[in-house]
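Enquirer: Chains as they are written, first to last, in the working numbering: chain A, 24 to 160; chain B, 24 to 160; chain C, 24 to 160; chain D, 24 to 160.
Hints were generated in silico from the structure; no laboratory data involved.
Heads up, some of the hints might be wrong.
A pair holds if it fits inside one copy or across any two, identical chains being indistinguishable in the list.
[Stated by the list, open to error] Here are the simulated DSS-like cross-link-like pairs (lysine-lysine), alpha carbons at most 30 Å apart as the crow flies:
no.	residue 1	residue 2
1	141	154
2	105	89
3	89	141
4	154	105
5	154	89
6	141	105
4 protein chains.
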Amino acid sequence: MQHGDYPHWSRDTIRYGDTDRQGHVNNAVFSTFLETGRVQFLMNSGRPIRAPGTNFVIARLVLDFKAEMLWPGEASIGTRVKSIGRSSFTLEQIVMQGDTVTAAGETVMVMVDESTRKSCPLPEASIAALKEMQVAP
Amino acid sequence: MQHGDYPHWSRDTIRYGDTDRQGHVNNAVFSTFLETGRVQFLMNSGRPIRAPGTNFVIARLVLDFKAEMLWPGEASIGTRVKSIGRSSFTLEQIVMQGDTVTAAGETVMVMVDESTRKSCPLPEASIAALKEMQVAP
Amino acid sequence: MQHGDYPHWSRDTIRYGDTDRQGHVNNAVFSTFLETGRVQFLMNSGRPIRAPGTNFVIARLVLDFKAEMLWPGEASIGTRVKSIGRSSFTLEQIVMQGDTVTAAGETVMVMVDESTRKSCPLPEASIAALKEMQVAP
Amino acid sequence: MQHGDYPHWSRDTIRYGDTDRQGHVNNAVFSTFLETGRVQFLMNSGRPIRAPGTNFVIARLVLDFKAEMLWPGEASIGTRVKSIGRSSFTLEQIVMQGDTVTAAGETVMVMVDESTRKSCPLPEASIAALKEMQVAP
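Okay, chain A solo, but in the shape it has when bound (with noise of 0.2 Å):
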């Protein structure tokens, strides 16, 4: 795992409450990580993947559990695209703690019209900003 494999890394706290029973932080929890490195790539980015009157849904997420999180610490979430289709992209993203590789998720994304909530084809200025993103196998 190089970072450079992530052009986009995002920071969340673990919270004391994301701990459950078990002593470690709740698995449901990593899906509140994989958002918060995608809402931060997808609207916070500084690049025009958004169209105005568009907005993402998920369709799909895929996560691989590889190590148990613990309190107190950071999680660091790393963010690329995977591919680009005609209205979704997959997002591939990874969660750290520290050094160690915690979960490894996938996420497809379709862009939808804000007035029919259909989906709708992704338009070039998208396409072009996700390519960036994208990293080369």
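Model the placement of chains B, C and D on the given structure of chain A, informed by the hints.
Expert: Here is chains B, C and D on its own, set in the frame of chain A:
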């Protein structure tokens, strides 16, 4: 504690992820249980507490923790009106798991005008509806 | 979708705080609903799935989002066994609000020895209990 | 509000899922932010507040909501000791987003013996450590 002391009861499911590393339900979830009772009381009880064009804002929350809550199980939340002011009112609530009172809470709610986002006087209909939920001492 | 397709059903309360600024239930809460069904299925169904001295660890989670969920309401979670391996098994789940299937999920669970924290073979009794929760195609 | 009024500061990340359908951070998350400051203050500040074989239990929580919090952003939590009793003490906290105080809180914490689960007197070392975190009026 008699159930009749609270005219409105709500239920919530205690979730596995509500627990924390101490093995019991995390204290912040108690605020969520109060909210479960409060929003159902204010918005879904069939009473015209909320006037069109207005909303409720929470101004103050007091929580006295009485006993720990454990997964699995259910939370029952009793709600009643303690006092009614000009643009605000105070709710009294208790949280129970089975026969055990686990917390007592008090919340001050303010009615705000949705357009100005400022507090506004409670209309007659709201006051009448709130009075019905008041329990004589 | 027939209820009979899933031998085990759990319920959870949709909380006001489960919603996010998009107005619907936040996607990470869907993982929580899967967990609600899973832990009840594995730990509280009266079946001897878990052997003494062992625990279950989630290795993989796949979630297909079908429809948004809205507050207020209830989540119903159907759970069944898809396949059984040497030390792991796969659960298939659906999440419903009313008559609408809002998500379909798959989780790979691994049995671990509590002392060594390593995976261990599923005992006969666990396999028998899991087989009863398998639905013939 | 001067930062020097609070000797201990913690930070937490405002998460997308912290928001609710009203568009702002859900009120129950404010309890979580107080907890973030409190547990770091009590357990990770390098001060010997907690004695071996003891733990802290929250007895009372008071929260005054001052302003709404919005995603994205960070929460800063200031914590200080208000008063020290025989087996309990009271913390005063504020929550800020940027330069805005969004909430003020007070929590009564009780030291309990981990074996008996009953309250026990604060040892000298704990009292001394707490006194250092008290701010003269």
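Enquirer: Hints first: check each against the structure and report whether it holds.
Expert: These are the hints, each one checked on the structure:
1. 141 / 154: within (23 Å within a copy, 41 Å between copies)
2. 105 / 89: For residue 105 and residue 89, both the intra-copy (20 Å) and inter-copy (22 Å) Cα distances are at most 30 Å.
3. 89 / 141: Only across copies: residue 89 and residue 141 sit 13 Å apart there, 35 Å inside one copy, limit 30 Å.
4. 154 / 105: within (9 Å within a copy, 37 Å between copies)
5. 154 / 89: both (28 Å within a copy, 27 Å between copies)
6. 141 / 105: within (23 Å within a copy, 32 Å between copies)
When the structure is compared with the earlier hints, no violation turns up for any of them.
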